[in-house]
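So the sequences go chain by chain: A and B. Oh and the first sequence: position 37 is 37 in our numbering, straight run, nothing missing. Count along the second sequence starting at 1, add 189, and that's the number in our numbering.
Please note that the accuracy of each hint is not assured.
[Unchecked claim] Covered stretches of chain A, as calculated for chain B (at least 3 residues, CB under 8 Å):
no., stretch
1, 86-96
2, 124-136
3, 140-148
4, 160-167
5, 176-188
Think of the hints as simulated: they come from the structure by calculation, not from any bench. For each residue, glycine too, the CB sits at the ideal point set by N, CA and C.
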Amino acid sequence: MLLVLFIIQFFIYEYVNLFRYYSPFTKYYINYKNCIDIVILAYYNFLVSHKQEDYIMKKKKLFSILLFFILLFTALSVFAGSSSFSEPLGSGYWSGSLSVGNLVVTAEKNLDPIPPTINLSVGVSGTVWFVDYYGNEYSSNYSEYQDYVDGVAAVLILPSGARTFTRADSYHYGYINGSCDNNYLSASN
Amino acid sequence: MKKSICIILIILLLSSLSSCINNNEVNTSTTPSLDASPSLVTDSYASLLPTHSTSVDRSIKYDTEGNLDYQAMWPEKKMLVWLYFDYFGILQYINNLDNSNPKPFSEFYTSIVSDELIVAYNDYLISLGKDYVIRFIRQDAIVDKIAEDYKALGDDNNAKQYFKFTEIYAYYFEFMKDMKNSGIQADIISSIANIKGTFSIEENDVTVQVNYTAIEESGADEINNDLLLDITDFLLDDEDKKLYGLFPDEYWSLFDKYNGIYGVYNNEIASSFIFYLRNDIINKYEVNISELDTIDEIDVFFDEIFDDYKTEITSSDLMLIRKFLDYSAYNELAGIITDKSNSTISYKYDADNNPAVINRFKDADYLQINKILAKWAARGYFNTSIVYNTDGSASASIAFAPYISYIVPGYQDYSNDSSDDIQYIPVEISRYILHDSRNKLIGIASWTKNGESAFDFLSTLFTDPHLSNLIYYGKNYKCENGLVKQNGNYSTSVLTASHMLYPNRVGEKRISDFKDAMSDAYIPPNYGFEPDITKMEYEFEEISRLCKEADSLWATHSDNFLSELENVITQLDALGYSRFLQDINKQLGQYIESKP
Chain A
1 MLLVLFIIQF FIYEYVNLFR YYSPFTKYYI NYKNCIDIVI LAYYNFLVSH KQEDYIMKKK
61 KLFSILLFFI LLFTALSVFA GSSSFSEPLG SGYWSGSLSV GNLVVTAEKN LDPIPPTINL
121 SVGVSGTVWF VDYYGNEYSS NYSEYQDYVD GVAAVLILPS GARTFTRADS YHYGYINGSC
181 DNNYLSASN
Chain B
190 MKKSICIILI ILLLSSLSSC INNNEVNTST TPSLDASPSL VTDSYASLLP THSTSVDRSI
250 KYDTEGNLDY QAMWPEKKML VWLYFDYFGI LQYINNLDNS NPKPFSEFYT SIVSDELIVA
310 YNDYLISLGK DYVIRFIRQD AIVDKIAEDY KALGDDNNAK QYFKFTEIYA YYFEFMKDMK
370 NSGIQADIIS SIANIKGTFS IEENDVTVQV NYTAIEESGA DEINNDLLLD ITDFLLDDED
430 KKLYGLFPDE YWSLFDKYNG IYGVYNNEIA SSFIFYLRND IINKYEVNIS ELDTIDEIDV
490 FFDEIFDDYK TEITSSDLML IRKFLDYSAY NELAGIITDK SNSTISYKYD ADNNPAVINR
550 FKDADYLQIN KILAKWAARG YFNTSIVYNT DGSASASIAF APYISYIVPG YQDYSNDSSD
610 DIQYIPVEIS RYILHDSRNK LIGIASWTKN GESAFDFLST LFTDPHLSNL IYYGKNYKCE
670 NGLVKQNGNY STSVLTASHM LYPNRVGEKR ISDFKDAMSD AYIPPNYGFE PDITKMEYEF
730 EEISRLCKEA DSLWATHSDN FLSELENVIT QLDALGYSRF LQDINKQLGQ YIESKP
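Bound conformation, chain B alone (with noise of 0.2 Å):
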């Protein structure tokens, strides 16, 4: 008995200590095994599910100059280039550089995409029947002009963080550009993500916070510079329509102002909100999860449970709910949208189902959804978790204190990391909502050669699971029911479609839905739309504080948080807000007309 739990614990220990090496972001060299074959998916919803031909277990061979040599690998096989921007991999390189004795980019850097990877990729590619491998384009042919250029910045560092957090994305775009005039051969284009940010700067021995937008809509500027493949032609061919069929028509709307199609955003695609309940209450009270799908029924559990756990909450840290979201975010709810770059401006459909800009205040379902949120702030479900949002402090204790429910725009399980212990439940409270944001766009190079197989491939990455997670999780990863038992490498989501992607926690959305609520996702009404208020005037700085301090009454203000709100509506309306919103309804009304 003693011998059987000393192997078990021998066992335990050495997984713990075989995870913890895995996830260290340590560079290490390693030499992983060459078994190059898919793991078995059993996954319940198999429609999805790529059909894997076991690949062969083989030596990579390498070039005079120890580069993966392609042409001995898949003879007579296209190769397509992908270009992508690994700027985590590349900023660690940077901030070596400012070391006493930095090491070079080859023995610094490691590659998001191992040889070993690459060669079960593309072979699972050969196994699909394709014509075609991808070459990834290394990071050294980039990274050269960067490193140049920040040292010559020396010992300047307030240049140095403005290169390293806003400069550094326009070398990839510099490369591309050179490539195309060069005619060096590319397919496809990873373009970067949307990121914005705060970092610091010294100004006469005092820190100053910057902040900052390096990228406000991807792939934008490769559009805009010739560097991306309209694809329209392509994606209408009846020959392959899958991709084009994947998502809704109004999907494709987002470019719309390109007068093209461009690429794929990879934005998520689309999430439907969730409430998730610890599973101990759920046994605890013999709740059926599946009913608690509205804020009113979860607000009749709350009611239920709230004498259990008063003195709790009170006493000590406890949440009932922990606020995850936005002030405003709660609205989309009752089918409230506000625009994500202006909140001043919602958005809801009318009697007739036609998209009309509101005065969200003024709406019974904003004020019906509110009035609840502000029942719980008032008896303290939110706990610290409003607290810390509303005046700008943080509570130590907001890090580690439970909470007993959770709602989110997507799935994402919070559970602890290191329990296989299912902790949270979800369930839908919405439909799937489809995001508009353009974000993480991938298409195919204007100036390739290959635009057919390109097409194919893009096509491919966005159905076919494999590719993904292959590149996400890595060769040996196996899916069982649907999920992954491992981490990912966030640094590789440039290279998947992130709908297509094997979720790593219990508690998470299985991908085999996504057919499903694609075809029942819900419209925004402001789906694609982009008010103007350039030419516009009034006092935007004002509207939007009150917006916002409006949106965040129930919070602020639980207890009178309906006279609170007749108060901002009437210094909204002194503003001239009502015709401002009309002025943007008009345009909304414009922008449905002109659409085909």
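Same shape as in the complex, but just chain A (with noise of 0.2 Å):
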């Protein structure tokens, strides 16, 4: 058993970002209204709409909620800083992570409702620092908010000149079916 799950680790660590981010089901943009530049990756992997049958839900979120925990656990062995939340929202669950690297910064927003579920909407927004070789800081801020989608990340990518990433703090809003909730997360490198 433990085999198995060093492998799946193993496997999540080598490859799990370019699968989520380069994954059919996920859509990615470049926000440019930020000083710094930023991907935003919105999922639609576990969309869920009262019109799916109850059996295809019930897989989906067995699934789910597995991914949850490999994600989790990953994220929080593998990054440098890193800082998670997940709790009960409404009807179902809601997750945000964190994560400073020296080059990328991710903060991620994941809803997990349980069916019948009609309104999804999740926000993640914050701060992240960062240095130069002369000790100099910096501070740039991002935000992104999208309705109808069960998940957003937000990739915060190391602008020329500066050397790494130091800090992150991040405020993460979900929204499922009429119950919203708020919380607040920081990192540092």
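Make the complex out of the two chains shown on their own, each in a separate frame, by following the hints.
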């Protein structure tokens, strides 16, 4: 069992980012209203609607729960600095994570609704801090909000001339079928 | 066999979990071991390493109010008070105030310097024979007024943004002034680092980006308001000149404009340009990495391997070299230094080795290095890493695409966090360049009554690696072969000497080389010089735009770089650019003549 877990973790670590960021079920676009390059990904992988059959939802639900724990474990163990939460929200759960690496900061928000679900909204915003080679510090903000998706990820890329990300914080907003909540995370590299 | 594998896997998984718990920024109350003895340090270059005497395990004594009892812990030892500002910790607390049920500071905030760490730190100072210990100022002494004023802003979110990003730093400054005026003891002062950036506000339902500069020059306000002590006499005292002798004379000239030396700029001091090449490429082509120490050598090497990768470059996101530098930064490899605050002005040593202002766009070395960069760009070596900088739109691939090599202006190993394998091998491709950024000043409080001890501590901090590494990595850090295999706490960097920190990645600089680097450091021709353009009448905005355009031509017009550059030069000449540079050159000459 441990071997299986280890292999899963290794596989996820090696491939999960590429899988997720190039998955046909996700979309990405460039948000250049910020002063730092940011790639926003919206997840449709587990998009649910009241029209879908329950048995399909149960399978997806099981898979999403499994994936959540794998990702949580992976994210916590791989990234240099990270923090996360997972809590009940309305008719389901919501989770968020923030990870700070040298070159990339990723702030994610996921909803895990139990059907029937009509309306979903997610938002994530915050600030990243980075330094140059002379110890000068810089900060830049980011934000993204989307309706009718069950997750967004803001991937922030270190600007040229900078040395490394040092810290980040993130405000997470989730809405499932009439219930909403906010959460705050911070992490250091 | 299966059992062995299981045991190994359990250990791996537990260590993985353990590291993730350590990395979490969540405030958790922990009770670390009281073992204060520093770990054995093994470094083949031991000249800078301290001789550790083992501290004893002992319980921490608290006074009746629950605070660390310095008198009981270190009887008859002088206490030096160190002022610093934990911006990120206080910001998190301020953000917490927006919650429906905010926690009080005492419950929310965990100090970046725990009591256990203070004991280890001070026991180490005692082991060095010091007659003083350090008391780090508690942040709750500063935060009350900040919290009160933040709450008073109510629901004005725009005002809160300004408060958090620009106004909050002033409270530390006022706190220091109050301490001085009230005669409250302070001995060491860490100034806040230079910081600028952007934040957003809402105006008429439209999000507006605000550019801000919170701290333009670290320590300037403290010096100008007599909060810092002139330490020149201490520095030049024959009894202890090790701090003065640590840096080249030019370094201390950064204080010339203040007519006194008011501390030590903790600005990373100096660094060289580094070329990192992926280890598998080195093995595949049997490269002697030490021979790839110039742009020309690197160019020849890329010529040799290009055919093997050109299909992959075209069809995928592979980068032969990833661009991490600004467009003009590569020119420093040719000894051309561009002013950081005014990108229109460049400097170089002339044939007689005298500093001079140059028109870099007509300089032969500039042309040579930019021609090479243009060739690399035309062949796609940089791939998307120059596209996203050029047109202002990022490629999603840039964050995760592979790259074979990169150049950076200082050691920075971007190997994967979780792998112990050596992924990129560094080689220095320039001399060490002395930094002239006035940043992260650490000095002595002007109202101290312990000037000699405070200076002794300052001198020890900047010459003894253990003090900085203890604070940065924690009391149980272990340094093996000059490497600490754990993450440090960036928030503590205000309490460390940056050049004294051990690296935590294989491909980064060992501090044991620092002394050698200092003895041969390259002093930029404009070191300490600040051009004054306030009384000049040129079209600076247009000149600046054209200079930036010219610097990026190797990327934007790689096929016809030279002809495009000629066009820009013509436009600059029409704006009186040459005359402007002559004016600045006169200022530079006067600055050099005025130096003692």
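Requested in this report: Check, residue by residue, whether the stretch 124-136 of chain A contains three or more positions whose beta-carbon lies closer than 8 Å to a beta-carbon of chain B, and give the verdict.
Outcome: It holds, with 6 qualifying residues against the three required.
Query raised in the report: Per the coverage rule (Cβ-Cβ under 8 Å, at least three residues), is the stretch 176-188 of chain A covered by chain B?
Result: Since three or more residues must qualify, the claim that chain B covers the stretch 176-188 of chain A holds, with 5 doing so at under 8 Å.
**Report entry** chain B over the stretch 140-148 of chain A, status - at least 3 residues with CB closer than 8 Å
**Finding:** Check passed, 3 qualifying residues.
Query raised in the report: For the stretch 86-96 of chain A, do at least 3 residues have a Cβ located nearer than 8 Å to some Cβ of chain B?
Result: violated (count 0)
**Report entry** Within 8 Å of chain B's CB atoms, at least three CB atoms from the stretch 160-167 of chain A: coverage verdict
**Finding:** Three-residue rule met by the stretch 160-167 of chain A, so holds; n is 6.
In this structure, only the earlier hint numbered 1 is contradicted, and the remaining ones agree with it.
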